[in-house]
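Colleague: The primary structure of each chain is shown beneath.
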Amino acid sequence: MTRVVIVGGGQGGFQLAASLRQEGHSGPIVLVSQEPDLPYQRPPLSKAYLKDGRAEGIELRPRSFFERNEIDVIAGETVVAIDRPRQTVLTQSGIAIAYDHLVIATGARNVTPPIPGLSGGNVFALRTAADADALRLALAAARRRPIVIGGGFIGLEFAAVAASSGHSVTVVEATERLMARAVSPAMSAYFRGFHEAMGVAWRLGDPVEEILRAADGSVSGARLRSGEIIAGDMILVAVGVRPNVELAESAGLRVSNGIVVDAQLLTDDPAISSLGDCAAFPDPITGVMTRLESVQAATDHARTIARRLTGKAEPYSALPWFWSDQGAWKLQIAGLAGDGDDQLAVEAGEGRKLVFRFAEGRLRALETLNAAAEHMAARHLLKSPGGVTMDELAEMRYDIVALAKSRKARAA
Amino acid sequence: MTRLIFIAHDGEQISVEARDGDSVMRAALSNDVDGIVGECGGSMMCATCHCYVDEAWADAVGARADGEEDMLESATSEVKPSSRLSCQIRIRPDLDGLIIHLPESQT
Chain A
1 MTRVVIVGGG
11 QGGFQLAASL
21 RQEGHSGPIV
31 LVSQEPDLPY
41 QRPPLSKAYL
51 KDGRAEGIEL
61 RPRSFFERNE
71 IDVIAGETVV
81 AIDRPRQTVL
91 TQSGIAIAYD
101 HLVIATGARN
111 VTPPIPGLSG
121 GNVFALRTAA
131 DADALRLALA
141 AARRRPIVIG
151 GGFIGLEFAA
161 VAASSGHSVT
171 VVEATERLMA
181 RAVSPAMSAY
191 FRGFHEAMGV
201 AWRLGDPVEE
211 ILRAADGSVS
221 GARLRSGEII
231 AGDMILVAVG
241 VRPNVELAES
251 AGLRVSNGIV
261 VDAQLLTDDP
271 AISSLGDCAA
281 FPDPITGVMT
291 RLESVQAATD
301 HARTIARRLT
311 GKAEPYSALP
321 WFWSDQGAWK
331 LQIAGLAGDG
341 DDQLAVEAGE
351 GRKLVFRFAE
361 GRLRALETLN
371 AAAEHMAARH
381 LLKSPGGVTM
391 DELAEMRYDI
401 VALAKSRKAR
411 AA
Chain B
1001 MTRLIFIAHD
1011 GEQISVEARD
1021 GDSVMRAALS
1031 NDVDGIVGEC
1041 GGSMMCATCH
1051 CYVDEAWADA
1061 VGARADGEED
1071 MLESATSEVK
1081 PSSRLSCQIR
1091 IRPDLDGLII
1101 HLPESQT
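Line order of the protein sequences matches chains A and B.
Using the working numbering, count along the first sequence one by one with no gaps and you end on 412.
Using the working numbering, count along the second sequence one by one with no gaps and you end on 1107.
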């Protein structure tokens, strides 16, 4: 019986354990997690859980699920080394766990930029439930003035929650626009407007150079590169993540912006796979090595590995999708656009917006705002063989829902 | 607390006590009911919490939410008039005894 050891108790590690059982794996499953208890969902940490703090609301499955499915969760443990010749991992407290197959699902960690004054109190990050609990406690006081370093998904979701609770938020983003890594300039501009309407203040293209502290050590503000000083009494650092590749690297596995895996999510070692935020895999459409930080990638990777380990190998072929909830605005992204891809913004109706991303005349991604039908149509079309061209969309006046329907009707 | 009855595809019945205000998806997950996956955690980004509301309860439960119909299109099992995303059904006292049928598969 194959013994599968999973390093990392995030959503990908959990999904792999669950999918292995669902696919009929009967051997032992050991899940080693740094978290203090059972795996939980991270997306709500910057949304509902930041507000309500209900642990039951983010639990992936209750304890009975792990018992019933004989998934051995070793919580509060860090794997520090992989002994590949002996097919064994070693944990910080000295436990040796033998594996027939090892899956590295170590995820990513938050980046802490080298800004003077950042070490000390009133500085927060957001990655774990404990981080979210600390932030919620800080926001329990009235009229806080948080300074958010970084205008990405996490920083903006936090800003939306804090602003809606009456706090005065300033977001400082080093680049010229919000969510620059994830969305088009047009979508960045929409969100800037929404946040302005919620009372969030901005500084774009003007990075924080120093955190200012009062005589008693408390945060009093931030000095920006331009020299401007912003008043504030707490800091959230949300400038992105780095993949946790060190364990793989020290075991001699190939690492290049993530643990390098093939289309089967397998590393160079046939006894070791990797998934989720820490894995660099070939994009199923372009073949370009890609690393995604998303629930979709983590769970779809997990299913691909579970099927392979139960004798149903097939190459990874899922389409990426992402979402972000900020105030009343739901951003959905289908597909994966490149930095230089063209953008075409279309108004889809009251409060609903679409931004098409094209490369070489083909649709690469669709960004939608409060437009679920268009999002789903894009998922269907992007997954279809050959995808969809700009000309086809133009012919339909960019009504992507109608295009998806006519394709389906033709196929039927 | 409100009582919900899940009926699995193979006919097995599971009765759970659910917290008012929670979603049916959350109640299923918290009570270890097989057959609801809830991959996106209730953000209406997937259709892995697909369920069928028992006919007798259709009116009480009410209509689908904005965008729910579109997400249901990606459901793995057959979408019927009674299909809902269980993350979009809020539990309230007048749904006591609600019967939810589970589909054959979610992924």
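Just so you know, the hints here were simulated from the structure itself, not pulled from any lab data.
Careful: at least some of the hints might be erroneous.
The calculated DSSO-like cross-link candidates involving lysine-lysine, where the alpha carbons are at most 30 Å apart (straight line), are [unchecked claim]:
id, chain 1, residue 1, chain 2, residue 2
1, A, Lys408, A, Lys330
2, A, Lys408, A, Lys312
3, A, Lys408, A, Lys47
4, A, Lys408, B, Lys1080
5, B, Lys1080, A, Lys405
6, A, Lys330, A, Lys312
7, A, Lys330, B, Lys1080
8, A, Lys383, A, Lys405
9, A, Lys353, A, Lys405
10, A, Lys383, B, Lys1080
11, A, Lys353, A, Lys312
12, A, Lys383, A, Lys312
Colleague: With reference to the structure, classify each hint as holding or not holding.
Modeller: Right, here's what the structure says about each hint:
For the proposed pair A/Lys408 and A/Lys330, the alpha carbon gap of about 27 Å is at most 30 Å, so the pair holds. Restraint check: the Cα-Cα separation between A/Lys408 and A/Lys312 comes to about 28 Å, which is no more than 30 Å; the hinted pair holds. A threshold of 30 Å between alpha carbons decides the hint, and for A/Lys408 with A/Lys47 the separation of about 36 Å lies outside it, so the pair is violated. Distance restraint check for A/Lys408 and B/Lys1080: the Cα-Cα separation of roughly 18 Å lies within the 30 Å cut-off, and the hinted pair is therefore satisfied.
A hinted pair counts as satisfied when its Cα atoms are at most 30 Å apart, and B/Lys1080 with A/Lys405 qualifies at roughly 18 Å. For the given pair, A/Lys330 sits about 36 Å from A/Lys312 by alpha-carbon distance, which is inconsistent with the 30 Å threshold. Between A/Lys330 and B/Lys1080 the alpha-carbon distance is near 26 Å, which keeps this suggested pair within the 30 Å criterion. The suggested pairing of A/Lys383 with A/Lys405 holds, with an alpha-carbon distance near 14 Å, which does not exceed 30 Å.
Distance check on the hinted pair: A/Lys353 and A/Lys405 sit about 20 Å apart at the alpha-carbon level, within 30 Å; holds. Proximity of A/Lys383 to B/Lys1080 is assessed by CA-CA distance (about 24 Å); at most 30 Å being required, the pair is judged to hold. Between A/Lys353 and A/Lys312 the CA atoms are separated by roughly 40 Å; this puts the pair beyond 30 Å, and the hint is violated. A hinted pair counts as satisfied when its Cα atoms are at most 30 Å apart, and A/Lys383 with A/Lys312 qualifies at roughly 21 Å.
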